[in-house]
Structures are given as structure tokens and as C-alpha cells.
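**Student:** As you go down the protein sequences, you meet chains A and B in turn.
Numbers 184 to 300, taken from the numbering used here, label the letters of the first sequence in order.
Numbers 3 to 116, taken from the numbering used here, label the letters of the second sequence in order.
No wet-lab data here; the hints were simulated from the structure.
As the structure is a prediction and not an experimental result, all values here were calculated from the model.
Just to be clear, a hint being listed does not mean it is correct.
Below, in silico cross-link-like pairs of lysine to any residue (SDA-like), each with a Cα-Cα straight-line distance of 20 Å or less [unchecked claim]:
#: 1; chain 1: A; residue 1: Lys205; chain 2: B; residue 2: Gly42
#: 2; chain 1: A; residue 1: Lys260; chain 2: A; residue 2: Lys299
#: 3; chain 1: B; residue 1: Lys13; chain 2: A; residue 2: Asn224
#: 4; chain 1: A; residue 1: Lys232; chain 2: B; residue 2: Tyr106
If you want the footprint, here are the derived chain A segments under chain B, 3+ residues with CB under 8 Å [claimed, not checked]:
#: 5; region: 216–227
#: 6; region: 269–279
#: 7; region: 291–297
Where a beta carbon is used, it is the ideal one built from N, C-alpha and C, also for glycine.
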Amino acid sequence: AQSVAQPEDQVNVAEGNPLTVKCTYSVSGNPYLFWYVQYPNRGLQFLLKYITGDNLVKGSYGFEAEFNKSQTSFHLKKPSALVSDSALYFCAVRPPHGSSNTGKLIFGQGTTLQVKP
Amino acid sequence: EAGVVQSPRYKIIEKKQPVAFWCNPISGHNTLYWYLQNLGQGPELLIRYENEEAVDDSQLPKDRFSAERLKGVDSTLKIQPAELGDSAVYLCASSLGTTSYEQYFGPGTRLTVT
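Next up, chain B with everything else stripped away, as it sits in the complex (with noise of 0.2 Å):
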């Protein structure tokens, strides 16, 4: 069974440039959840799906931040301008569903502002 799969896995940009990442979720999975890893701390959930629906968003920085999740699968996440503290790591994560327990991490993405 293939896992969680993110793209690009590494970016550098420079600040005020937009910058999307790509994640494709296990196959029948229909929660999808987007996390940020800042150096030294634990992931911090930015938004989750159930389907298409983004069911909770309230960490989204909603000012220059955006996430869609079309058809229920993939999932892109946007960040327009980037900002320096926007560095780090962007976690995209799947489970099969609200009930199930387990979440299934992809590699993430580095994501570098200079």
C-alpha cells in the first residue's frame, strides 16, 4: 500500500513569493489533515477535511494562507505572500475517517524563506 505522498519535498523561496504544496492521500482515505512542524516542536494542526469539506480550519492563518481539497483526494496547500517565519516543515497527514484512530504521515515538505 503506497503512503502518504508530498511534493515538492523541499522549496526555497524568497519572502512575499507564493509557494503551494501538493499532497495525495492514501487511497480511500477521506480525512486529510495539514500540519506544521516549526524546528524542535511538535506538529500543529492547520486545517483537516473530511471529503472536500474543511471541517476544521480555525489555526489556518486565513490572511495569506489557503488549502483545497478537490474531488475529495488531493489536497494543495498555498501560502501567498510567504513570509521568513513561515519556515519550516508542512506535514500532510490521512486516516480513513473520523472514527478511525490512526493518522498516516507523508514525508513532508521543507519549505525555506529566505
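Extracted from the complex, chain A is given alone in its bound form (with noise of 0.2 Å):
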């Protein structure tokens, strides 16, 4: 079955240290992955996604994330968070074109990530 596992339902980072974001994903082939960011009453932003070519993709905000194929991770990072990063945060993932559900996107369950000051 095609999953997307968060294992952390909440990280708690103080302002101004590196935060990581985990994700892993179970999807046959060669997936696009993705995350999100959900502000309180508010649609999902569009953070970053993989495609292909470099393992390193940065996104919006001074986010990255690191796809590794054989750990089928792809956890978010940020060398310094800031308060305003307080959020939930969620992966998601497309399967392949020519497999099945090409065209959607599994989400994980979300992780609230808490930056203190």
C-alpha cells in the first residue's frame, strides 16, 4: 500500500537551532515528494518537492529537504528556525506517472513543529 509516515507528532525547537522534520514514505518506483506547511485556519502552502536530479532541493523560507532513495526519506530542514515557523507541517507524496493514483497526493499525518524563543 502506497503511505507516507511522520513519526513525530510534535518537534519542539528553540529559536535559532537547526530543526528537522521527518518523513518516510512507502510508494513502489520512483515517487515526487513534497511538503506542505498548514497555518491555523488556513489552506497548505506549498513548501518544496522533489522530483528529480539533486538529493538537495531548497524551498520557500529557508526550508530544505534531503530525499535519500535507499532510506526512502525525506525529511525537511532548516539551519536556523525562527518563532514564525510554528506550524503544521506536512509530507506528502505522488506516485509515478504510469502507476496507480498518479495523479494524487498522500499526505502524512502532519507534525506540529513549536520553535520557542
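Both chains are given apart, each in its own frame, so use the hints to dock them into the complex.
**Tutor:** What follows is the structure in C-alpha cells.
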């Protein structure tokens, strides 16, 4: 079955420290991987994506993510966290073209990031 | 560029009543999605449209849910009759097409069924 796992319900980090939000996936082939952020009472905002190429992708607001095919992971990172980064983060996978469900995003359960001053 | 617009933002209804949600995608986006987001969970796809055609509605509970996308632009999602378990956030998203990767989400409609 195709799935995405975010093993941490919440991540706490002090402002200025690096942060990592973990994501692993179970999809056959070479999937497309995404991170979205959701602020209270707002829709999801696209942060970054991995389609192909360099395993380290850079996105909005200083975030980056590292694709690791052998570990089927796509962890979200930021070198220096800001209080304003506090939000709910979702990892999502899109099965590759030619596979079933290629048009849909499969989301993880989300990880709440709390950055404290 | 205007984003995905959804209305209403909030809706409270009694069980067994009908309810409808409306979505206006980003101009030029051919693909439209409706997602259901339960509290504390990630969104789950209900239905995907390519222009006017529903190409994936496998997760749509067709006994009470229906959707349409007339003229391949705006879309309406309907529940009739609503049940207590339908309380959730209903998200609409759009993308340029199946070969485009980013989906852009609207703010959602928070439905409460009492």
C-alpha cells in the first residue's frame, strides 16, 4: 500500500537552532515528494518538492529537504528556526507517472513544529 | 495572481440537512481536487477533475456525496444528508494539469454537523 509516515506528532526546537521534521514513504518506483505547511485556519502552502536530480532541494522560507532513496526518506530541514516557523507540516508523495493513483497526493498525518523564543 | 477561493469558510448544520461547498480554482488550472481533512490528520483525496471530467472519484462516498464541475472551472461539492461524522475541513486545490506537480490549496470550509 502507498503511504507516508511522519513519526513525530510534534517537534520542539529553540529559535536559532536547526530543525528537522522527519518523513518516510512507501511507494514503488520513483515518486514525487512534497512538503506543505499549514497555519491555523488556512489552507496548505507549498514549501518544496523533489522530482528528480539533486537529492537536496531548497524551498520557500529557507527550508530544504533531503531525498534519500535507500532509506525512502524525505526529511525537512532548516539551519536556523524562527518562531514564525511554528505551524503544522505535511509531507506528501505523488506516485510516479504510469502507476496507479499518479494524480493524487498521499499525505502524512502531519507534524506540529513549535519554535520557542 | 488570485489563489483558490472557497466558500463558505465555516458552516454549521444539523444532521440530515444538505450542505454545499463551492470552489473557484486558480485561473487556467485544468485540474481540480477536493480533499477531506479530519482533525489531526492529513488531507485525503475525495475527487479529482480534469476539466469537466471526474477522473478519480474512488474515495467519494457516493451514497451521500456528489460533486460537479460545470464548464471545467468552478466546482461544487454536496453532502446530502449530512452525518455527524462528516464534520471536517473540506479543502479544494488546483493545478495546471496532471503533468504539473504543485497543487495550490484554498483555505478550506470547516463543516460542523450537530
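**Student:** For which of the previously enumerated hints does the structure constitute a violation, in increasing order of number?
**Tutor:** none
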